Amino acid sequence: MEDVKAPISKETGVSIPPEVKNLSSIAASIMRVLKKINAHRSLYESNEEAVKQHLIGEIMSSLGWEWDNPEEVRPEWRTDEGRADYAIILGGETIAYLEAKNLGVDILKREEPLRQLAKYCFSTGVRYGILTNGAAWIVVKAFEVGSSLGDRILVSVDFLNEPPMKAALKISLLEKERITEIERISSLLKVLELSFMGLVKEGYPPEALFEYLKVDKSKKIVPVYLLEGHENPKAAYVYDNGWKMLPLPERTLKGVLLAVLLYIGQKAFGDEKREIMTAYEQLKRIPLEQGKAREILIRLDEEKKLNISVEL
1 MEDVKAPISK ETGVSIPPEV KNLSSIAASI MRVLKKINAH RSLYESNEEA
51 VKQHLIGEIM SSLGWEWDNP EEVRPEWRTD EGRADYAIIL GGETIAYLEA
101 KNLGVDILKR EEPLRQLAKY CFSTGVRYGI LTNGAAWIVV KAFEVGSSLG
151 DRILVSVDFL NEPPMKAALK ISLLEKERIT EIERISSLLK VLELSFMGLV
201 KEGYPPEALF EYLKVDKSKK IVPVYLLEGH ENPKAAYVYD NGWKMLPLPE
251 RTLKGVLLAV LLYIGQKAFG DEKREIMTAY EQLKRIPLEQ GKAREILIRL
301 DEEKKLNISV EL
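Each residue of the sequence shown is one higher than the last, beginning at 1 in full-length UniProt numbering.
These are calculated hints, taken from the structure and not from any lab test. Any given hint could be a false lead.
Pairs of lysine-lysine residues, derived as BS3-like cross-links and limited to a Cα-Cα distance of at most 30 Å, are as follows [what the hints assert, rightly or not]:
id: 1; residue 1: 234; residue 2: 292
id: 2; residue 1: 141; residue 2: 166
id: 3; residue 1: 267; residue 2: 244
id: 4; residue 1: 141; residue 2: 119
id: 5; residue 1: 190; residue 2: 166
id: 6; residue 1: 292; residue 2: 305
id: 7; residue 1: 244; residue 2: 284
id: 8; residue 1: 101; residue 2: 190
id: 9; residue 1: 284; residue 2: 305
id: 10; residue 1: 109; residue 2: 141
id: 11; residue 1: 176; residue 2: 166
id: 12; residue 1: 119; residue 2: 190
id: 13; residue 1: 35; residue 2: 176
id: 14; residue 1: 35; residue 2: 109
id: 15; residue 1: 176; residue 2: 190
id: 16; residue 1: 284; residue 2: 273
id: 17; residue 1: 244; residue 2: 201
id: 18; residue 1: 220; residue 2: 305
id: 19; residue 1: 244; residue 2: 292
id: 20; residue 1: 101; residue 2: 166
id: 21; residue 1: 267; residue 2: 304
What you are looking at is a predicted structure, and each value in this text was computed from that prediction instead of being measured.
Could you build all of it, start to finish, from the sequences and the hints given here?
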């Protein structure tokens, strides 16, 4: 089997992990749904069928489900408690029922539709229920001894009031490739949110916590002033309103210097920009000892206050 390589960002030249690409695709679908709602809200507030075809189908397709394939999605599925709008099939078994409402039904506040959906699931032994009006989505675990309906909500998403990427991450739990892990992943997300809020209450600034969570513990990141001058770096980083990774033209300290000069030059203006880009072009054509490159990097670090660091 051939190795599947992550796509490359045209802007940065950096590999984009497949998981991020998938979330971006889901977020794009959410934006299309929001655009439809903005243009035709009255239609979706009164017409459940339009919600099913225009909004729900869009999202489920972005999550990897073949919306028109009866092997995966079957409409008007009979249960002992009534008809569920859709049965969601995985590996030949019904893994969830999906119940649709028009946009005028506030499913985040009204418990009755969720309770009815849970009855559909319980009557046929289906584990999960999905309730949506196209903009809001709730996923519930149908049954669990000693728990209330509210306790069994695994994820709740509100496209109208959440940032698209946050909504995409939450709704991604319904991806065809992830849905069997929805309970485990939703628990991890809840722990993450509770921990984050707890640390904010302890006085830690959210920005510092974001940076902490972005650190890959497997990477060895070293400030340039701690380098000895013989290293072969994998990547360069600067801190400029957040950490930014700079692609290297070569895995040497000269490569780091070139990457930093290019970054600074692209942000500069007028004479300063011309001077920096001239230095960049000259440096590309001449050899430079590692020790000398380290000295220049340290000087740049002090002047520009970029906290230049490298990954070894």
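Consistency of the hints with the structure:
At roughly 19 Å between alpha-carbon atoms, residue 234 and residue 292 fall within 30 Å of each other, so this suggested pair holds. This hinted pair checks out: residue 141 and residue 166 have alpha carbons roughly 22 Å apart, not beyond 30 Å. A threshold of 30 Å between alpha carbons decides the hint, and for residue 267 with residue 244 the separation of about 13 Å falls inside it, so the pair holds. The suggested pairing of residue 141 with residue 119 holds, with an alpha-carbon distance near 11 Å, which does not exceed 30 Å.
Of the pairs offered as hints, the one joining residue 190 and residue 166 holds, with about 13 Å between alpha carbons and a cut-off of 30 Å not exceeded. A threshold of 30 Å between alpha carbons decides the hint, and for residue 292 with residue 305 the separation of about 19 Å falls inside it, so the pair holds. Simply put, residue 244 and residue 284 have alpha-carbon atoms about 22 Å apart, close enough for the 30 Å limit, and the pair holds. About 27 Å separates the Cα atoms of residue 101 and residue 190, which keeps this hinted pair within 30 Å; it holds.
Taking the CA atoms of residue 284 and residue 305, the gap is about 24 Å. The hint holds against a cut of 30 Å. With a C-alpha separation of about 18 Å, the suggested pair residue 109 and residue 141 falls inside the 30 Å cut-off, and the hint holds. At roughly 19 Å between alpha-carbon atoms, residue 176 and residue 166 fall within 30 Å of each other, so this suggested pair holds. At roughly 25 Å between alpha-carbon atoms, residue 119 and residue 190 fall within 30 Å of each other, so this suggested pair holds.
Proximity of residue 35 to residue 176 is assessed by CA-CA distance (about 25 Å); at most 30 Å being required, the pair is judged to hold. Annotation: proposed proximity of residue 35 to residue 109 holds, straight-line Cα distance about 24 Å (limit 30 Å). Distance check on the hinted pair: residue 176 and residue 190 sit about 21 Å apart at the alpha-carbon level, within 30 Å; holds. Between residue 284 and residue 273 the alpha-carbon distance is near 17 Å, which keeps this suggested pair within the 30 Å criterion.
The straight-line distance between the Cα atoms of residue 244 and residue 201 is roughly 28 Å, inside the 30 Å bound, and the hint therefore holds. Between the alpha carbons of residue 220 and residue 305 the distance comes to roughly 21 Å, so the proposed pair stays at or under 30 Å and holds. As the CA atoms of residue 244 and residue 292 are separated by approximately 24 Å, the hinted pair is consistent with the 30 Å bound. With a C-alpha separation of about 23 Å, the suggested pair residue 101 and residue 166 falls inside the 30 Å cut-off, and the hint holds.
Proximity of residue 267 to residue 304 is assessed by CA-CA distance (about 12 Å); at most 30 Å being required, the pair is judged to hold.
In terms of the numbered hints stated before, the structure departs from none.
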